[in-house]
Amino acid sequence: MTAYEKLQAGASVRQETLYHPVEGSYTTKVATKNVTVHYGDKSALNGVSIEIPACTVTSFIGPSGCGKSTFLRSINRMNDTIDNARVSGSILIDGEEVNDRNVDPVVLRARVGMVFQKPNPFPKTIYENVAYGPRIHGLAADKDQLDAIVETSLRKAGLWDEVADRLDQPGTSLSGGQQQRLVIARAIAVNPEVILMDEPCSALDPIATARIEELIDELRENYTLIIVTHSMAQAARVSQMTAFFHLGSLVEYGPTEEIFTNPRDQRTQDYITGRFG
Amino acid sequence: MVAPVNAPHIVKAFSEELEQLSADVSAMGGMAESMVADALESASTRDAERAAAVVLRDRDVDNRERVIEKQIIRLLALRQPIAQDLRTCISALKIVNDLERVADLAKSIARRVPTLIESDPTSFAVAVDRMGKVVQSHLNEVLDAYATGNAEKAIAVWERDDDVDEHYNALFRELVTAMADEKSMIEPGAHLLFIAKNLERIGDHATNIAEVVHYLVTGADIAATRPRGTRPTAFDGE
Chain A
827 MTAYEKLQAG ASVRQETLYH PVEGSYTTKV ATKNVTVHYG DKSALNGVSI EIPACTVTSF
887 IGPSGCGKST FLRSINRMND TIDNARVSGS ILIDGEEVND RNVDPVVLRA RVGMVFQKPN
947 PFPKTIYENV AYGPRIHGLA ADKDQLDAIV ETSLRKAGLW DEVADRLDQP GTSLSGGQQQ
1007 RLVIARAIAV NPEVILMDEP CSALDPIATA RIEELIDELR ENYTLIIVTH SMAQAARVSQ
1067 MTAFFHLGSL VEYGPTEEIF TNPRDQRTQD YITGRFG
Chain B
-13 MVAPVNAPHI VKAFSEELEQ LSADVSAMGG MAESMVADAL ESASTRDAER AAAVVLRDRD
47 VDNRERVIEK QIIRLLALRQ PIAQDLRTCI SALKIVNDLE RVADLAKSIA RRVPTLIESD
107 PTSFAVAVDR MGKVVQSHLN EVLDAYATGN AEKAIAVWER DDDVDEHYNA LFRELVTAMA
167 DEKSMIEPGA HLLFIAKNLE RIGDHATNIA EVVHYLVTGA DIAATRPRGT RPTAFDGE
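Residue numbers (the working numbering), protein chains in the order written: chain A, 827 to 1103; chain B, -13 to 224.
Bound-form chain B, shown alone (with noise of 0.2 Å):
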C-alpha cells in the first residue's frame, strides 16, 4: 500500500511545513547513512583520516536530530496536527531518534577502525563487511520506503532482519573461536566484536523505522497485523 497523495491543506504554509518536515528527516536519513557507508569503507580500505572525519560527522547529525524535534513541537503547538497530518509528525519525532542512533553507532565503529589498521585481521575484516552491505541495504530501503511513503517496502525491510541478526551471530561464534585459539586475536577480535554488535544495532533501528513507516502510511501496526514466527534473535554474548 502506498500513502495516497493528499491534496494540499487549505492552508498553504501547513502544507509547505509538513512537505519541509519529510524533506528534513530524509536529509537527516542520508547523513546518518553516509556515516555508516563511510565508517566501513574505512575500515576496509584502512584509512584512519576518513574515519576521523565520520566521528566529527555525529555531532552535525545530533544538531540536525535537535532542529527537526523543534519543527515538530512547533507543528504539534501551533497546527494541532490531526490523523494523517498528526502521523506525519510522530513518525518524524521517531525516526529522527532512530537515525540519531544510527549515527552514533557508526561513530563508535568508526573510532575503531585505527586499533583495526594497527592489529590487520583481515580476513574477519571481510566478514563484518558482509555483514555491514546487508545492514547498509536496509537502511537504505527503509529511508527510500519512508520518502516515497511505501508500507510493502518497510515490511519487506522488517521482515528480512533475521539476515543481520543470523550474519551476527555467525560472526561471533568465529570471532570467539579465534580469539581462543590465538592469544593475539583477542584485541581485534573484541574490536570487531563491537563493530559486529553496532552494525546489528543499525539493523533493529532500520527495522524500528520500517515499523514507523508502516504506521506512518496505514496508521496500523505492523507487528499486529502481521505476526512473526520464531526467529534467530541476535546472540549477545552475556
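This is chain A alone, in the form it adopts within the complex (with noise of 0.2 Å):
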C-alpha cells in the first residue's frame, strides 16, 4: 500500500490536512512550515507550508512566476546558489531540518536529487554519468559494484536496454528524452529519496514525454516525487497529490483528483480551466 492510497483510506485530506494533519494516516516525507524567499529585496514565496507524503507524485502548479520553482529549489538548498537569495522558515525531511548548519548541502542533494527542464547530461560518456555521483559519495566498492550501480541505474530508468551496448559513447549523442532519463538515471545512482523535477517533460515530443511519465510512475514505489509543471493535463496523468502556487503562496493543497473535479478556491478553478486574465 502506498503512503497516498493510505492517505486515500484515512481520514479527510486536502487543505485540512495542511494544517491539521491526521496523525498516522500516512508518512510526511517533507514537511515545510512558513517557507519564505527573497531575491534582494523582491518577495518570491511568502510562508509556504505543506506536508509531502512519502511515495507519491506531487505536482506543484501554477502561472510563471509564482513560486512553484523557487520552492522546490529551496527543498534541496539550490536556492544557496543564487547570490542575494534568502531563504527562512523551515523545511524537514524526514524530520531533519534541510537549513541547518551541520547540513551539507552536497551530501543533501546526493538525498535530494533534481532533474532539470533540459537535460543536463555531463560533457562525458553514458557509463561515466551515471557513475560519477556514485563514484565521489562512495557508494561503490570497486569497479564491478559500480558496474551494477550503473546498470541497476540505468534499467530502473528505462534505459539500459537502449545504451547497453553503447555505454561509452558521449551522454550528448542522445536523443532529448534519451538524455532525460540518462539524467534520471544519473540521479536514480546515488540513492536519492526524494526526487525534484522541474518541467522535465517540456522539451519533449508526446512519446518522449509519455516514457518519463511512466517511469515517474514506476518511480514513486521506492521515490517520493516532486514535480513542477505548467502542463495541467500532465499534473493530472502523473501526479496524486497536486498544490496550486499563486503570487507567491500556496492557494490550494490536495489529491489531485479533487483538484481537478471540484477545487475549492476560485483562483485554482480559475487557472486550471484557462481564465486566468
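Everything labelled a hint here was simulated from the structure, so no lab data went into it.
Distance windows between CB atoms, simulated:
(1) B:Val(-3) / A:Ala1036: 23 to 31 Å
(2) A:Arg981 / B:Glu55: 41 to 49 Å
(3) A:Ala1036 / B:Asp130: 39 to 47 Å
(4) A:Ala1059 / B:Asp115: 47 to 55 Å
(5) B:Val(-3) / A:Gln971: 49 to 57 Å
(6) B:Arg116 / A:Ala1059: 51 to 59 Å
(7) A:Ser1075 / B:Ala156: 55 to 63 Å
(8) B:Glu5 / A:Ser1075: 29 to 37 Å
(9) B:Ile59 / A:Asp867: 47 to 55 Å
(10) A:Asp1091 / B:Ala9: 21 to 29 Å
(11) A:Asp920 / B:Ile59: 42 to 50 Å
(12) B:Asp130 / A:Arg912: 53 to 61 Å
(13) B:Lys56 / A:Ser1075: 38 to 46 Å
To give a feel for the contact side, a few chain A residues facing chain B, derived at Cβ under 10 Å:
(14) Met1058
(15) Arg1090
(16) Ile1098
Just a sample of chain A residues kept apart from chain B, beta carbon distances all over 10 Å, derived:
(17) Asp867
(18) Ser890
(19) Gly891
(20) Glu922
(21) Ile962
(22) Gln971
(23) Leu993
(24) Ser999
Where is the CB? At the ideal position from N, CA and C, for every residue including glycine.
Both chains are sitting in their own frames, so use the hints and assemble them into the complex.
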C-alpha cells in the first residue's frame, strides 16, 4: 500500500491536512513551515507550509513567477547557489532540518536529486554520467559494484536496453528523451529519497513524455517525487497530490482528483480551466 | 449556494461552446416539459389530436439528445475540460439522458388519452391531473435551478420528492378499490394507473436532475451531504 493509498483510506485530506495533519494516516516525507524566499528586496515566496507524503508524486502548478520553482529549489537548497537569495522558515525531510548548519548541501543533494527542464548530461560517456555520483560519494567498493550500480540505475530509468551496447559513447549523443532518462538514472544512482523535477518533459515530444511519465509512475514505489509542470494534463496524469501556487503563496493543496474535479478556491478553478486574466 | 459567475475563458470559443451547451440542454428541458404539460392537458380536455401531436414530438427530443451528446463528446475530446467545465459537460450528459426519458414517459401518457376519452372516468382524471401538476412544478423548478445554477432550489425539489410518491400511493389505492368494485372501471383504471406510474417516474427524473444540478454547482453529492430519513417509496403494485 503506497502512502497515498493509506492517505486515501484514512481521514479527510485536502486543505485541512495542511493545518491539521491526521496522525498516522500517512508518512510525511517533506514538511515545510512558513518558507519564505527573497531575491534581494523582492519576495518570491511568502510563507509556504505543506506536508508532502512519502512515495507519492506531488505536482506543483501555477502561473509563471508564482514561486513554484523557487519553492522546489529550496527543498534541496539549490537557492544557496543564488547570491542574493534568502530563505527563511523550516524545511524538514524525515524530520531533519535541511537548512541546518551541519547539513552538507552536497550530501543533501544526493538525498534530494533534481532533474531540470533541459536534460543536462555531463560532457562524458553514458557510463561516466551515471557512475560519477556513486564514485564521489564512495558508494561502490570496486569496479564490479560500480558497474552494477550503473546498470541498475539505467534499468530503473528505462534506458538500459537502448544504451547497453554503447555505454562508452558521449551522453550528449543521445536523443532529448534519452538524455532526460539518463539524467534521471544519474539522480537515481546515488540512492536519493526525494527526486525533484522542474518541468522534466517540456522539451520532449509526446512519446518521450509518455516514457518519462511512465517512469515517474514506476519510481514512486521507492521515491518521493515532486514535479513542477505547466501542463495541467500532465499534473493530472502523473501526480496523486497537487499544490497550486499563485503570487508566491500556496493557494490550494489536495488530492489531484479533487483539485481537478472540484477545486475549492476560485483562483485554482480559474487557473486550471484557463480563465486567468 | 449559487454558482459563482466564472470569468470567460482565455480561449473564447471554449466559453461560447460551454454556454451553448447549457442553453441547448435548457431548450431540450423546455421541450420535454411542454410535452408533459400537453399530455396532461390533452387528457383533461379530452383532446385526442393534441395527444397525437405529443407522441410525434418525442422524436424531436430524441434528436436533440443525440445532437447534444455529440457536442459533449466533441468538447471532451478537443477541450479536455476540468473542474467546473468538466462538471458542466458531465452534468449536461446526465441531464439530457433524464430529459429523454421524461419525454418518453410523456409520450406514453399521451398514447393512453384516446382510450380514456372513450371510457370517461372523470373523477379519477382529476386526481391524476392534480398529481400531474405537482410533477410539472418539480420539473419546472429543477430546470430553472439548472438554468440559474441554483443548488438551493435543486435541494428543495429533491426534498419534495415524497409529495409525488404520496400522491401516487393514494391514487393507486383508490384506483384498485374502484376497479374491484366495478368491472367497467378495470380498463380505464389500468390506463390511469400507468399514467400515474409514468408521472411518478417523471418525478424521479426531476429528482435525478436535482442531484445533478447540486453536483454541478457544488461539486458534492447531494445524498452524501443531506441524509434523508424514512420516506415513503412509491408502491409498485407488484
